[in-house]
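As given, the protein sequences belong to chains A and B, one line each in that order. The opening residue of the first sequence carries number 1 in our numbering; numbering runs sequentially from there. The opening residue of the second sequence carries number 1 in our numbering; numbering runs sequentially from there.
A couple of the hints might just be wrong.
[Claimed, not checked] Beta-carbon label-pair distances, calculated as ranges:
| id | chain 1 | residue 1 | chain 2 | residue 2 | range |
| --- | --- | --- | --- | --- | --- |
| 1 | A | R313 | B | A65 | 39 to 47 Å |
| 2 | A | L245 | B | T11 | 38 to 46 Å |
| 3 | B | R68 | A | G235 | 30 to 38 Å |
| 4 | A | A83 | B | H163 | 23 to 31 Å |
| 5 | A | C126 | B | D122 | 21 to 29 Å |
| 6 | B | A84 | A | N46 | 21 to 29 Å |
| 7 | B | A65 | A | A146 | 20 to 28 Å |
| 8 | A | V39 | B | A65 | 39 to 47 Å |
| 9 | A | R86 | B | D122 | 16 to 24 Å |
| 10 | A | A83 | B | H181 | 42 to 50 Å |
| 11 | B | T11 | A | A226 | 16 to 24 Å |
| 12 | B | D9 | A | E187 | 45 to 53 Å |
| 13 | B | D9 | A | L245 | 33 to 41 Å |
Bear in mind the hints are in silico, worked out from the structure with no lab data behind them. Backbone N, C-alpha and C define an ideal beta-carbon position, used for all residues, glycine too.
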Amino acid sequence: MSQPDVARAWSVAPALAWRELRAGLRSAAWRVLAALAFVYGWSTGNAPGRGASVSAYATGEAAWVALGLVAILWMSLAAVREAQMRTEAIIYAKPQTTERLVLARFGASMALALLLVAAMFAGAACGRLSVSGSVAGFAAYGGQFARAGVAVFFGGAASYCLALLTASPVAGAVVGLYWVVMIAGREHLAKVFYPAYTQNLALYVGLGVLLVCVAAIFHRRGRRGAAAASPWVRGAAAVALTFSLWSGWVVLRDGHDPQVWTHPTLERFGMQNLVVGRRAPGFLLPDQHGRPTSLAGLGDRIFVVALWSPRSRESAVLLERLSDLYARYGERGVLPVGICISEDSGAGVAFARGEGIRFPMVTDRGAHHAPRGAESSPLATAYRASSLPLVAVTDRRRRVRRTFSGIEAYDGSWLELEIERRLRMEPE
Amino acid sequence: MSILATLLDPTTGTARVGGHDVRREKRQIRQILGYLPQDFGLYPTLTTFETLDYIGLLYNMTDAAARRRCIEAVMERVNLTGVADRQVGALSGGMRQRVGLAQALLNEPSLLIVDEPTAGLDPAERIRVRSLLAELGGQRVIILSTHLIEDVEAVADRVAVLHRSEIRFEGATAEMLGSVHGKVWEIEAAPAELADLRERHIETGLLRTGDRVRLRIVADAADHPAARPVEPTLEDAYIWLMREDAGVAA
Numbered sequence: 001m002s003q004p005d006v007a008r009a010w011s012v013a014p015a016l017a018w019r020e021l022r023a024g025l026r027s028a029a030w031r032v033l034a035a036l037a038f039v040y041g042w043s044t045g046n047a048p049g050r051g052a053s054v055s056a057y058a059t060g061e062a063a064w065v066a067l068g069l070v071a072i073l074w075m076s077l078a079a080v081r082e083a084q085m086r087t088e089a090i091i092y093a094k095p096q097t098t099e100r101l102v103l104a105r106f107g108a109s110m111a112l113a114l115l116l117v118a119a120m121f122a123g124a125a126c127g128r129l130s131v132s133g134s135v136a137g138f139a140a141y142g143g144q145f146a147r148a149g150v151a152v153f154f155g156g157a158a159s160y161c162l163a164l165l166t167a168s169p170v171a172g173a174v175v176g177l178y179w180v181v182m183i184a185g186r187e188h189l190a191k192v193f194y195p196a197y198t199q200n201l202a203l204y205v206g207l208g209v210l211l212v213c214v215a216a217i218f219h220r221r222g223r224r225g226a227a228a229a230s231p232w233v234r235g236a237a238a239v240a241l242t243f244s245l246w247s248g249w250v251v252l253r254d255g256h257d258p259q260v261w262t263h264p265t266l267e268r269f270g271m272q273n274l275v276v277g278r279r280a281p282g283f284l285l286p287d288q289h290g291r292p293t294s295l296a297g298l299g300d301r302i303f304v305v306a307l308w309s310p311r312s313r314e315s316a317v318l319l320e321r322l323s324d325l326y327a328r329y330g331e332r333g334v335l336p337v338g339i340c341i342s343e344d345s346g347a348g349v350a351f352a353r354g355e356g357i358r359f360p361m362v363t364d365r366g367a368h369h370a371p372r373g374a375e376s377s378p379l380a381t382a383y384r385a386s387s388l389p390l391v392a393v394t395d396r397r398r399r400v401r402r403t404f405s406g407i408e409a410y411d412g413s414w415l416e417l418e419i420e421r422r423l424r425m426e427p428e
Numbered sequence: 001m002s003i004l005a006t007l008l009d010p011t012t013g014t015a016r017v018g019g020h021d022v023r024r025e026k027r028q029i030r031q032i033l034g035y036l037p038q039d040f041g042l043y044p045t046l047t048t049f050e051t052l053d054y055i056g057l058l059y060n061m062t063d064a065a066a067r068r069r070c071i072e073a074v075m076e077r078v079n080l081t082g083v084a085d086r087q088v089g090a091l092s093g094g095m096r097q098r099v100g101l102a103q104a105l106l107n108e109p110s111l112l113i114v115d116e117p118t119a120g121l122d123p124a125e126r127i128r129v130r131s132l133l134a135e136l137g138g139q140r141v142i143i144l145s146t147h148l149i150e151d152v153e154a155v156a157d158r159v160a161v162l163h164r165s166e167i168r169f170e171g172a173t174a175e176m177l178g179s180v181h182g183k184v185w186e187i188e189a190a191p192a193e194l195a196d197l198r199e200r201h202i203e204t205g206l207l208r209t210g211d212r213v214r215l216r217i218v219a220d221a222a223d224h225p226a227a228r229p230v231e232p233t234l235e236d237a238y239i240w241l242m243r244e245d246a247g248v249a250a
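Go ahead and model the full structure; you've got the sequences and the hints to work with.
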């Protein structure tokens, strides 16, 4: 086959997928699910914060958890749809290759699943707009959509592959079981098992593509007769496998997880201890621009070190306060430093961008299970963060002068009073 | 049927379609094949045109304009133009069957395999499908599998009778008719005689005329005084072929 012929032949798969997508969009089942996703998104989208980061993050979490399960079921059924609708004899008696049929069906069904995710985010954005009346930080929805979308893609690809190869939608239930265990076992499972964490996205995209290629290669192998599977699909499978292995290695190398392996540098953070009157526990972590950041490298300032979690709505209020403090006292040498305690390595960056944060926002890559505060990472242990958010105010020599936790950290005027006091004692 | 349509591999033996081996050269066979299975489904939310457009892509018809022309021609041929924009799920059984036939004709197949194409259709629709098959038969080989002998009579010029995986007869329809020539009789009798006549002959039909019955039988000879020879049909020939299974002495 000549190159144009090959290109024309492969254009058939998207054309088939587009027609299947149109058929799916007309189905009552999909329309009901889209309406439910929109309403669910609306209910999660109503969140505090100047920008839409909290709303977007909460929607992203809800989307990958709930719509991940929906996608698993949806894709399992899509994989065996030919048998259920008795279209097998007509479809498979045609000269179209099995690979293109598998990829077209997968592409259309996955697009429908991702459109459900989009409906949920649209609901969240509308909910947020109705409450705040502003579209500030709406770009945050895009980032969280990508995160949830990858998780949904992987769950859908795994269930599609299993259901297709076993010719049974029940096989998809295995992936559903994995999903349920993953949701329930956040404190016990290693971070690497979670497809929705930013650091794992590349790994799970690779695995998803690999599974779809495996399904395309092994589904109805006998249908090809003496012909071999398409070299394009075999090549894509090899690339996806290599990419997944490499991504998995990077995740393990850079991560810190007591369930798998502990990163020596991050582990050393835990050997420090916050004591009022002594230097604040040090760290060297990437900020929202990817620059390695430490307190020592930020000069002789009064630091307001804030440990927060994207899963806590109070943290959003705290971040607003920190931005206000920076605007008010920044020129007098007060510098807030946010430390995002999250299993998801991308959460800190997403919030910093979404909320327009101008002070340093570092991500604690050592966090395992964010809501557990002190137990979640060596750095949180060093700061004795039994609950989040936690704020430590230092003097200009980085010595901790006072800490605030819980409601004191984000409400009332204790924080401002302490800063004013420090500025009186140590004017610029 | 499934083996010839490349959907199943033969467990033993070989089969070739257009010179192509059904095990090894499936793709080549599918290029020249049109297949209408007995029990098939279609995507209910696609319109008739969209369904055929989808099938056209399965035949690798990548040129959109050529595909459209082809679909319009086939829809015209099977009388579906009026329902081109109607969703397949809303079509009657007969119309769905015609969509099935249209999808099998889309690639102008040189071999058309149709499995029980008139099953479940109302008489008018059955005649329409049968006529269409008869018309198509002049241009290509059609393998028609059916339990309705009228379909065979209307369409086929060669017949094979399969019974329990064995070929009982293979040849021209005229030849099959010839096998019962002079053996088909009609007997007008009183209803009271019916049981005895049925006991002794192979019945191929019964018609009630007033207070009498007209029994159609197939037999080497009819010993009833009212018996008169009539023109055989393929149905008579089929029953005659299956006489051993009927459990009645000829």
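Problem - Hints violated by the structure (listed by number, smallest first) - result: Going through the list in order, the structure violates hints 1, 5, 6 and 7 and respects the others.
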